[in-house]
Amino acid sequence: MENRPEIMGIGELVWDMLPAGRQLGGAPVNFAYWCGRLGAQGYPVSAVGDDELGREALERLAPTGLDLRYVQRNALPTGRVDVRLSGEGIPEYDIVEHVAWDALRADADTLALAARADAVCWGTLAQRSACSREAVEAILAATRPECLKVFDINIRRPWYDREIVLASLAKADVLKLNEEELPLVASMLGIGQSGPEAIAELFRRFALRYVIHTVGADRSEIHAAEGMLSCIPTPRVEVVDTVGAGDSFTAAFVTALLHGEPVVACHRRAVDTAARVCTLHGAIPEAV
63 MENRPEIMGI GELVWDMLPA GRQLGGAPVN FAYWCGRLGA QGYPVSAVGD DELGREALER
123 LAPTGLDLRY VQRNALPTGR VDVRLSGEGI PEYDIVEHVA WDALRADADT LALAARADAV
183 CWGTLAQRSA CSREAVEAIL AATRPECLKV FDINIRRPWY DREIVLASLA KADVLKLNEE
243 ELPLVASMLG IGQSGPEAIA ELFRRFALRY VIHTVGADRS EIHAAEGMLS CIPTPRVEVV
303 DTVGAGDSFT AAFVTALLHG EPVVACHRRA VDTAARVCTL HGAIPEAV
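Throughout, our numbering is defined as the position within the sequence shown, counted from one, plus 62.
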């Protein structure tokens, strides 16, 4: 495509330390990768350490076509998520603190990118430290009014609070959340209702254009202030793993929207992309 929107994914870059081996990830990196695959120019804005994991992360990402100029390097260790399996085989996650992306900075190059970006996507996890939260806020403040601001909430306990969620909602044009996150947000805001009533209240309180509500293996919905615009059942596919499916959904919706496609078509593209990612190993096949 001639018109390649410039889209930023801000936040964590991590290695998931799984029992079967480590896997590269982080929602903003996954998001930026799929934006690039779908006709945009994706920019991950994150940080790695000057260590073996940081060097390996950049080596793995180099063949993907991602522009890595905005992945900063600093003296902290590269992000890591330690994954343990309980006796019942249920994974438990320890998102290690005081890592490179916790020290993300809004440097001059990143702010220059923000000033021309067509869309920016961020979540709550990358705002767990004061330093990275200030960077996210500065990047968002540097964007143009017409830049599409996407809050893909991605709540990870205990790395969120009401203040962070409210501040991000106040800046967002698009909110994406799942069936577990909607009740949490409703509770934080003192909204007594759930489901469509809670979503309607979000539109009354914030200047949102769209709310994307995903309900796992059942369906996903796109809402606007006037009500639900689209509801699509989740396709049945042979699932290899679901890593990055939600990030690819967001990337497909945002990229299609920036290319001027109708909302229902954007939703269909998002659903189909996420279903395809579920049939692959990992969120970024080229980096596996």
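In short, the hints are calculated from the structure, not lab data.
One thing to keep in mind: the hints can contain errors.
To be verified - Pairwise CB distance ranges (calculated):
1) 207 <-> 302: 27 to 33 Å
2) 322 <-> 343: 19 to 25 Å
3) 291 <-> 251: 35 to 41 Å
4) 158 <-> 269: 18 to 24 Å
5) 229 <-> 169: 20 to 26 Å
6) 83 <-> 269: 42 to 48 Å
7) 279 <-> 259: 42 to 48 Å
Quick reminder that beta carbons are idealized off the backbone N, C-alpha and C, glycines included.
- Task: Hint by hint, work out which the structure violates, then give me just those numbers in ascending order.
- Result: Failing hints, ascending: 1, 2, 3, 4 and 7.
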